[in-house]
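**Student:** Here are the chains, one letter per residue:
There are 2 protein chains.
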Amino acid sequence: LTRGRRPSTETLAGLPVAVDAVGGDHAPAAVLEGAHAARRDGTPVLLVGPPERVGDTGGLDLSACTEVIAMDEDPAQGVRRKKDSSLVRAAELVRDAQASAMVSAGNTGATMAAALLRMGRLPGVLRPCIATPLPRLGGAPAVLVDAGANAECTPTMLVQFAQMGAAYATERYGVSRPTVGLLSIGEEASKGTPLVKETHAHMAGGAGVDFAGNVEGRDLLPSPVDVVVTDGFTGNVTLKSLEGALRFLFATLLERFGTDERSRAAADVLLPYLAPVATEFEPDRIGGAMLLGVAGVCVIGHGSSSATAIANAITSAYQLATGGLVEQLARAVAPTEAPAPGERAVVGE
Amino acid sequence: LTRGRRPSTETLAGLPVAVDAVGGDHAPAAVLEGAHAARRDGTPVLLVGPPERVGDTGGLDLSACTEVIAMDEDPAQGVRRKKDSSLVRAAELVRDAQASAMVSAGNTGATMAAALLRMGRLPGVLRPCIATPLPRLGGAPAVLVDAGANAECTPTMLVQFAQMGAAYATERYGVSRPTVGLLSIGEEASKGTPLVKETHAHMAGGAGVDFAGNVEGRDLLPSPVDVVVTDGFTGNVTLKSLEGALRFLFATLLERFGTDERSRAAADVLLPYLAPVATEFEPDRIGGAMLLGVAGVCVIGHGSSSATAIANAITSAYQLATGGLVEQLARAVAPTEAPAPGERAVVGE
Numbered sequence: 001l002t003r004g005r006r007p008s009t010e011t012l013a014g015l016p017v018a019v020d021a022v023g024g025d026h027a028p029a030a031v032l033e034g035a036h037a038a039r040r041d042g043t044p045v046l047l048v049g050p051p052e053r054v055g056d057t058g059g060l061d062l063s064a065c066t067e068v069i070a071m072d073e074d075p076a077q078g079v080r081r082k083k084d085s086s087l088v089r090a091a092e093l094v095r096d097a098q099a100s101a102m103v104s105a106g107n108t109g110a111t112m113a114a115a116l117l118r119m120g121r122l123p124g125v126l127r128p129c130i131a132t133p134l135p136r137l138g139g140a141p142a143v144l145v146d147a148g149a150n151a152e153c154t155p156t157m158l159v160q161f162a163q164m165g166a167a168y169a170t171e172r173y174g175v176s177r178p179t180v181g182l183l184s185i186g187e188e189a190s191k192g193t194p195l196v197k198e199t200h201a202h203m204a205g206g207a208g209v210d211f212a213g214n215v216e217g218r219d220l221l222p223s224p225v226d227v228v229v230t231d232g233f234t235g236n237v238t239l240k241s242l243e244g245a246l247r248f249l250f251a252t253l254l255e256r257f258g259t260d261e262r263s264r265a266a267a268d269v270l271l272p273y274l275a276p277v278a279t280e281f282e283p284d285r286i287g288g289a290m291l292l293g294v295a296g297v298c299v300i301g302h303g304s305s306s307a308t309a310i311a312n313a314i315t316s317a318y319q320l321a322t323g324g325l326v327e328q329l330a331r332a333v334a335p336t337e338a339p340a341p342g343e344r345a346v347v348g349e
Numbered sequence: 001l002t003r004g005r006r007p008s009t010e011t012l013a014g015l016p017v018a019v020d021a022v023g024g025d026h027a028p029a030a031v032l033e034g035a036h037a038a039r040r041d042g043t044p045v046l047l048v049g050p051p052e053r054v055g056d057t058g059g060l061d062l063s064a065c066t067e068v069i070a071m072d073e074d075p076a077q078g079v080r081r082k083k084d085s086s087l088v089r090a091a092e093l094v095r096d097a098q099a100s101a102m103v104s105a106g107n108t109g110a111t112m113a114a115a116l117l118r119m120g121r122l123p124g125v126l127r128p129c130i131a132t133p134l135p136r137l138g139g140a141p142a143v144l145v146d147a148g149a150n151a152e153c154t155p156t157m158l159v160q161f162a163q164m165g166a167a168y169a170t171e172r173y174g175v176s177r178p179t180v181g182l183l184s185i186g187e188e189a190s191k192g193t194p195l196v197k198e199t200h201a202h203m204a205g206g207a208g209v210d211f212a213g214n215v216e217g218r219d220l221l222p223s224p225v226d227v228v229v230t231d232g233f234t235g236n237v238t239l240k241s242l243e244g245a246l247r248f249l250f251a252t253l254l255e256r257f258g259t260d261e262r263s264r265a266a267a268d269v270l271l272p273y274l275a276p277v278a279t280e281f282e283p284d285r286i287g288g289a290m291l292l293g294v295a296g297v298c299v300i301g302h303g304s305s306s307a308t309a310i311a312n313a314i315t316s317a318y319q320l321a322t323g324g325l326v327e328q329l330a331r332a333v334a335p336t337e338a339p340a341p342g343e344r345a346v347v348g349e
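Residue numbers (the numbering used here), protein chains in the order written: chain C, 1 to 349; chain H, 1 to 349.
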């Protein structure tokens, strides 16, 4: 496997987004619907999947393959064994400059593995990470990195996540000078695990990001910083905790609203006032997590992605790819490492 | 540091709970009010603090000292230097069997340090941990351990947290056979950090607890297991994330409720239906976090503890101390330490 190329943004305009037609709980119906919506909005789309599983595409182009990596399949094995799967083929389309980006709401680990193994890492990137939006009512979301790609991290990896997360906040959400916070258990530099303390020292020493110090769990909603950096274990647990808590609370409120006629009548009046809040926390609006650090744009949708979520994911994948996200990420990471001449990236561990 | 004695529960009945009169954001007023309420409910109370800072105790006994460890003071230094502080004195009262338990809403780290250094650890306990309730609507809360005492953990420490957490769930919430889950990023034993994977193997191999496997962040509210085990870094971040998210959402809902006259009128009807939900998530009802693994009962209140929270903390501290919690904790952990030939672990069966 070779180090990922630096893609040339100009060549991407007009290239379709490769969309895994068979990934996600509601595939292929929701994927097809979302792909059509994105296409109507002017985004070129290329479905990828086994024709017999995809069915009638309604006129959308389909890149045929023969295999599917299931939602619960082992990611590394799936990618290794199923070389003609929709995920592997989609990643190859990006690698071969036949697609501008890839989108899947399927097996998250397999999507990451396919993108990493087929596209390769950007020069200097130790590990790709997942960036996920943290909603801030009425404003641009903050970005959480790493939201789950790497359970084990080193300080240098976290610094790179910060650099890539900041570049992403700029490209995706238009934040011109993103502030970066390090997730810990107290504001003081002395708080946290050795990983956090060392990372704090690196970032405070100037790592090309606007470091605002440590942030705590209670700061995530709404986040005072534009980028929150953490290891993928903590990021995954935290994000799922937040999702679970919000879902539980919304469900509980709705249940109470339906207690009796009196409560239902009052709820009918109030729901329109509350709908915007629910919408802000809706994964559909947000359009998926982004894999940062591979040589291409790869958007990973929630397994439960609706057609709207898929459409948003496709549209933003295309905008980011043609807008030069990958070049910005490569630039953001470059200064921290002076790779020896001829150094080879080793992927596939 | 000496190993803590095994306390004799019988000697504790009738002994007052040592209450840090100067700890917490609303001390001493809220502490005094809470102490009076606990006293009225039949719990003997002994305030600890500098008389000039405490003021009129309204007839409650006061153990006078001269120093106070501030909320933002370095815990280790504070305890080392301020030997006549309310926290150190309260811990000594428990150590010397002049108090049944201690309660503070002050500096969390200093409270832990004072309890650990003055009471000592229970035999075999590697590190004390903090147990915090995770609300489950209408049922006994689940218990999260470690909620923040130890940023760095070993698998053996996590196993002990599980054992102590289970004993605590039984003593505190009457759960007769608590199930234990390990917080990770997937259900499979292969998921997570090396710490999590090794701990999983230990617990699956029989550690005297009813191990239900891994749980994820989305499972915390409401928790399907009675005890959720994690390291203190992840526990702290997760718990604060949940607290922050719930506070943010409640505040946002209240704000929307007050949008205009129409919404306010509907909200007036609905609020009584929602109040029980808010109450369940109110720290006041819950009565503080518990330090498990020291040779005495030590309850750590939220810094923002109200009088009600203080009263609940004092009452439950007394009940747990006189009910034999510390003996149960010692018994729960004992089997992991070089069991004598023929000795069998009996905890949790």
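Just so you know, these hints were derived from the structure itself, not from any lab.
Mixed in with the good hints, there may be bad ones.
You can't tell identical chains apart in this list, so a pair holds if it fits in one copy or across any two.
Cross-link-like lysine-lysine pairs, in silico, BS3-like; alpha carbons within 27 Å at most [to be verified]:
#1 K83 / K240
#2 K197 / K83
#3 K191 / K83
#4 K197 / K240
#5 K240 / K191
Nothing here was measured: the structure is a model prediction, and the numbers come from that model.
**Student:** Should K240 paired with K191 be assigned to within, between, both, or neither, using CA atoms and 27 Å as the limit?
**Tutor:** both (24 Å within a copy, 15 Å between copies)
**Student:** At most 27 Å between C-alpha atoms: does K83 with K240 qualify within a copy, between copies, both, or neither?
**Tutor:** neither (31 Å within a copy, 43 Å between copies)
**Student:** Measure nothing new, just compare the shortest in-copy and cross-copy C-alpha distances for K191 and K83 to 27 Å and report within, between, both or neither.
**Tutor:** For K191 and K83, only the inter-copy Cα distance (24 Å) is at most 27 Å; the intra-copy one is 45 Å.
**Student:** How would you label the pair K197, K83 (within, between, both, or neither) given a Cα cut-off of 27 Å?
**Tutor:** Result: close neither inside a copy nor across copies, 42 Å intra and 30 Å inter.
**Student:** Within a copy, between copies, both or neither: which one fits K197 and K240 at a CA-CA cutoff of 27 Å?
**Tutor:** Result: close both inside a copy and across copies, 24 Å intra and 19 Å inter.
The structure is inconsistent with the numbered hints 1 and 2, although it conforms to all the rest.
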